[in-house]
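Student: Below are the chains, spelled out letter by letter.
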Amino acid sequence: MKLETVEIQLENCAKTYDKGVRVLEPLDLTIAAGETLVLLGPSGCGKTTTLRLIAGLEQPDAGGRVRFGGQDVTAQPIEARQVGMVFQSYALFPNMTARENVGYGLRIRKVPKDLVEQRVNELLELTRMGAHGDKPIPALSGGQKQRIALARALAPQPRVLLLDEPLTALDAQLRELLRAEMNTLLRGLGVTTIYVTHDQAEAMALGDRIVVMSAGRIEQIGSPREVYYQPANARVAEFIGTMNRLEGVWRDHALHCAGGRVPAHEGAAPADAIWFRPEDVELVGAADAQLHGVVAQASFLGERTRLVVQGLGPSAIRVDVSGRAAPAVGERIGLRLRPEVWQHRISLGSDAS
Amino acid sequence: MRRALTIVQAIVTVAMSLFLIVPTLMSMVAGLTDNYFRGWRSGLTLRWLAQVWELYSDAIFLSLRIALVTLLIVLLIGVPAAYALSRSGRRLARTIEGLLVLPVAVPGLASALALLVVYGGFTAFRVSWLFIVVGHVIFTLPFMVRAVVAVCLSQNLRQLEEGAASLGAGFWQRFVTVVLPNIRSGILAGALTVLTLSIGEFNLTWMLHTPMTKTLPVGLADAYASMRIEVGSAYTLIFFIMIVPLLVGMQTIGRRRAGRQPETAA
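Going down the list, the protein sequences come from chains A and B.
Heads up: the first sequence runs through residues 1 to 353, numbered per our numbering.
Heads up: the second sequence runs through residues 1 to 266, numbered per our numbering.
It is possible that part of the hints are untrue.
Under 7 Å between C-beta atoms, here's a sample of chain A residues computed to sit facing chain B [unchecked claim]:
#1 F87
#2 N95
#3 I108
#4 P112
One side only, chain A facing chain B, incomplete, derived with CB under 8 Å [what the hints assert, rightly or not]:
#5 M85
#6 S89
#7 R152
The set of hints was computed from the structure by calculation and includes no laboratory data.
From the three backbone atoms N, C-alpha and C, an ideal C-beta is built for every residue, glycine too.
Please build the complete structure, drawing on both the sequences and the hints.
Tutor: The following block contains the structure:
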């Protein structure tokens, strides 16, 4: 199965509710045909509103435009837009079986019966739900409901697939499994997909590009790598993964701080702070160490151990080390930053908090 | 000790039940005895039932007609109203629901008087059975609205509708294929309540009726007042036969809905 798909453009789309509460600042966004775009942010950041604007469940404030493949659909209600949507609660119809749910969009479009039957079977197979088609909705597990919701959204061959936190209601293990399955499925279909989530791991795994939002604004648009390693500002850096900030004084082409001295990589601009991820630090012997600190906390997480190290700068630094070699609390350790820290150095400027 | 308590409880319960049920049963049995004052020995008969039927079958059919027409109107007004209420803000919905319950709180006689004061002058309307229908609609509408609002709010109808809309369904398609089937139990429960209330309504109807528009309960009062006790009792029996199936239906639906609640909550 391959779907015909379109480019989507949001132009100057803002959303203000009745009482003057603005949930979305004017926003421009282009989603390429066939792309999977993830809207990522904490709750209340405007990501769901953006999705609902694209769906046609909300209207943008005056002046906003929504285009599907160049065609202006701003005035069209959702039923005319030919979108497929999966809701966080799945919104499956409890008065119909799983199979009837999947076929609903086709029946509404008056597709001949045998064609509906054929297509429903195809989708049940695609989502590995062939054995559960005739069950009533309450008899399905969470994961099965999710699959039926996806199959139902895909059945009428939507031009765009809109997913509103589709995995949030599931437990962690199932979520990971379905995430992988969905990734394969969506890539295979090649449909333009907009995926809303507050889970950064989901965003990283699924997105061609990630749009990081907060407080009704786009903070950054970029590939998962860009967003992770080159966050545009402190809000993005802190929302995605963990980010350390080591403050010190710039002298003789190095950053000097309470814990020692970090020589700058070639060509690095002077800075009085560096930002780095917990995994960009190595545990080394005293002789090779750039920095010395004391372990204040050590949390064993299985594949790694997260250390909180004090004495390096004004704030504690979080460091990830491999599980077996973890030092104990109170131990004095030597650390060395990877040179990439300087390459990927974030220009956070005055935006830094 | 505990055992003794259980026995006492059982005795009290049985005694209470008998206290309430025996008079009703006696009354119905009276309708089947040849002479109530002589008791069982006088023998059983269907004579009184036949007499009631002869005298009051018009009232019975009128009651049924009024109940059905009332139900039809209440469905047409109440279901859309409940649907709209459940979609509006909760505070507004609660206020309107509160206002809707007023006719239940106000004595039937008062509502009836209000109707008479305003519409009593339109003679053709005043003497028609439709006048009683209007009273019954006012009285029963809140029961339908509340039953349907409750079932609307118990599930995420709005999200279901958005789902249907995303699949290409327009408003009416959504309403017929998704909304109505999912609020059916509420409508059914409301409908049975409306029928039961309409058939049994006395206060309001007694004020609104004319000699030509006597309903079942009004006829009952009439029979008690002016006939021998066996006739009145036979009348009670007929009344029971009509109303009990409705009550049982209401109970069944109520139970089925209660049983389904955990699912919808999950």
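Student: Hint by hint, note whether the structure agrees.
Tutor: Right, here's what the structure says about each hint:
no. : hint : result
1   : F87  : 6 Å, holds
2   : N95  : 4 Å, holds
3   : I108 : 5 Å, holds
4   : P112 : 16 Å, violated
5   : M85  : 4 Å, holds
6   : S89  : 6 Å, holds
7   : R152 : 7 Å, holds
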